[in-house]
Amino acid sequence: MRIGKDLVAAAATPVVLGILAEGESYGYAILQRVTELSGGELEWSDGMLYPLLHRLERLGHVESEWRHSSAGRPRKHYRLSAQGAAALAEQRKQWSVVGGVLDKVWPDGADGERRSRLAPRLALGTE
Amino acid sequence: MTIGQGPGLDELIASWRQWMARRDVLTPSDIDELESHLRDRIDGLADAGLTDDEAFLIAVKRLGSIDALSHEYAAEHSERLWKQLVLHDAPGPEGTDAAAATIPFHRRANGLPVALALGVGAGLAVKVADLLIDDPAVVARNAAVLVLPFLAAWFAWRRRPPAAAVWAVAGAFVVAAIALNAYPFVPEASTAMLAAAGSLVALWLMTGVVEARGAWRSDTARMDFLRFSGEWAVYYLLIALVGGALSALTIAVFASIQVDVVPFVEEWVLPCGAAGAVLVAAWLVGAKQRVIENIAPVLTKVFTPLFTLMMLALIVAAVLQWNLVDASRDLLIAFDLVLVVVVALLVYAISARDPALPPGWFDRLQVLMLASALVVDVIVLIAMIARTGEFGFTANKTASLLLNLILLANLAWAAWLQVGFVQRTVAFGRLERWQTGYLPIYLAWAAVIVLIFPPVFGFA
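If you read the sequences in order, they're chains A and B. Per full-length UniProt numbering, residue 1 is the first one in the first sequence, and the count goes up by one each step. Per full-length UniProt numbering, residue 1 is the first one in the second sequence, and the count goes up by one each step.
Quick caveat, the hints were computed from the structure, so don't treat them as lab data. There may be inaccurate statements among the hints.
[To be verified] No more than 30 Å apart at the CA atoms, straight line, and that leaves these computed lysine-lysine pairs for DSS-like:
{"id": "1", "chain 1": "B", "residue 1": "K61", "chain 2": "A", "residue 2": "K5"}
{"id": "2", "chain 1": "A", "residue 1": "K93", "chain 2": "A", "residue 2": "K5"}
{"id": "3", "chain 1": "A", "residue 1": "K76", "chain 2": "B", "residue 2": "K301"}
{"id": "4", "chain 1": "A", "residue 1": "K93", "chain 2": "A", "residue 2": "K104"}
{"id": "5", "chain 1": "B", "residue 1": "K61", "chain 2": "A", "residue 2": "K76"}
All values reported here derive from a predicted model rather than from experimental measurement.
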């Protein structure tokens, strides 16, 4: 299954904020985490993550710092700010509403039980 | 493993970096970050058993196409997008020579033929009005109405705005033209001069709506227009200086052979040149950004400290002598200009700044500039308000007091935000949004000066 471009773009911000809420990270590790969480179904070009991170930084949602990796290479680390945590909570609310609506609007399928947890899962970007 | 197998990984990455660096929108720091990512990805793939060059190819491929990538960066870093004409105009970075042969004449050199034609049109409009009306004061009052439509036409040709935006701006020009010419101004009325100044500000901002393709609500579109305005001003001044020097030289050379060309220079070269230069400067901003982008940040960096020093000296002088209260009635207008310069220095510095950089010495210096401007202005305001009864509320005084309060409110909040930014509690985006969000207030002030002041003050 390929997730549509618009949905990937819309999910990117809450997913990245959510991953940074787990602890500070850097670009490559964030992408690894996205692949891991989505079972490889939520993917975008590697390079696209960085403009997104820069935007979140300009908005004050994340802070960044250059550090050295264990191999001695420079690496830019990103960390969620207090404002970013608030933005994440807000995004989570919005996605819950969307998820709730979808739950109600779609007829019950075979995995009704799973879909009832759709909203919080969407907010974490794992669906 | 590299012997006989082509370049090693470091060489591959070095050539990849060179390739990326050709894109203006990517800074070395961006490329550092992407390189760090690339090396992580290559390590991951190499652990899975790929050779270095295989891993390199896949890692580069996974970054995404360089066009799409630089487009994303440009969309985020609009201050760089501004520098990168290629994004909108040229069909592609490669093969421009071959493409040039098929570009129609009027599109060559970023539309220079169109800009020149409109510039000639603006000059002729001024001259024709001058010949028809035969009253220099009326022609001067209509300067904005006569010249700026050509600038709006230039933007309309360059940017292809939606028709609704063009009609709205055309409506503003018509309203301004009616107000400037139908109001029964008494001769040498100060409200007439105020209305002329207000129409320049208001119509300039309305012209920006065309430049923004009608997206006047967008913060980035407003910031782009502010950048345009600043760079345009630098170019216009340069053209005016060189034009003035050349005219003086021409007069001197002809005078040496007993031919008096002063009337010709005054009646034709000066008005037509001043009007035409508006369009040429606008064209230069679009065509020669690379030249100016090195000058403009330098200008703000040079003049911010000097201007701050000037205001600090003024505070000391005012406190030592305490005679601002007795100063002339032009004081308020002079201080409006001081505040305009402070706002211009601030906005220009913001527009040219890389939002990703952490606050540095220059941002702290701006706090000092804003603080000293606020102190100076409060002293002046107290002095002027204390003497309001003596001077009365003339049109000039009311207009400059209004402008002073508008600028003071801007600078006060800007200073607060700037302090927060230096302390890293305020994101840079809020500084930008505060300045771009303030544009409609200037427009409202200018509209009030043009439309409401003349009747309120009896057209005097």
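Hint check:
no. : hint           : verdict
1   : B:K61 / A:K5   : holds (18 Å)
2   : A:K93 / A:K5   : holds (22 Å)
3   : A:K76 / B:K301 : holds (28 Å)
4   : A:K93 / A:K104 : holds (17 Å)
5   : B:K61 / A:K76  : holds (21 Å)
Violated hints are absent here; each numbered hint is respected by the structure.
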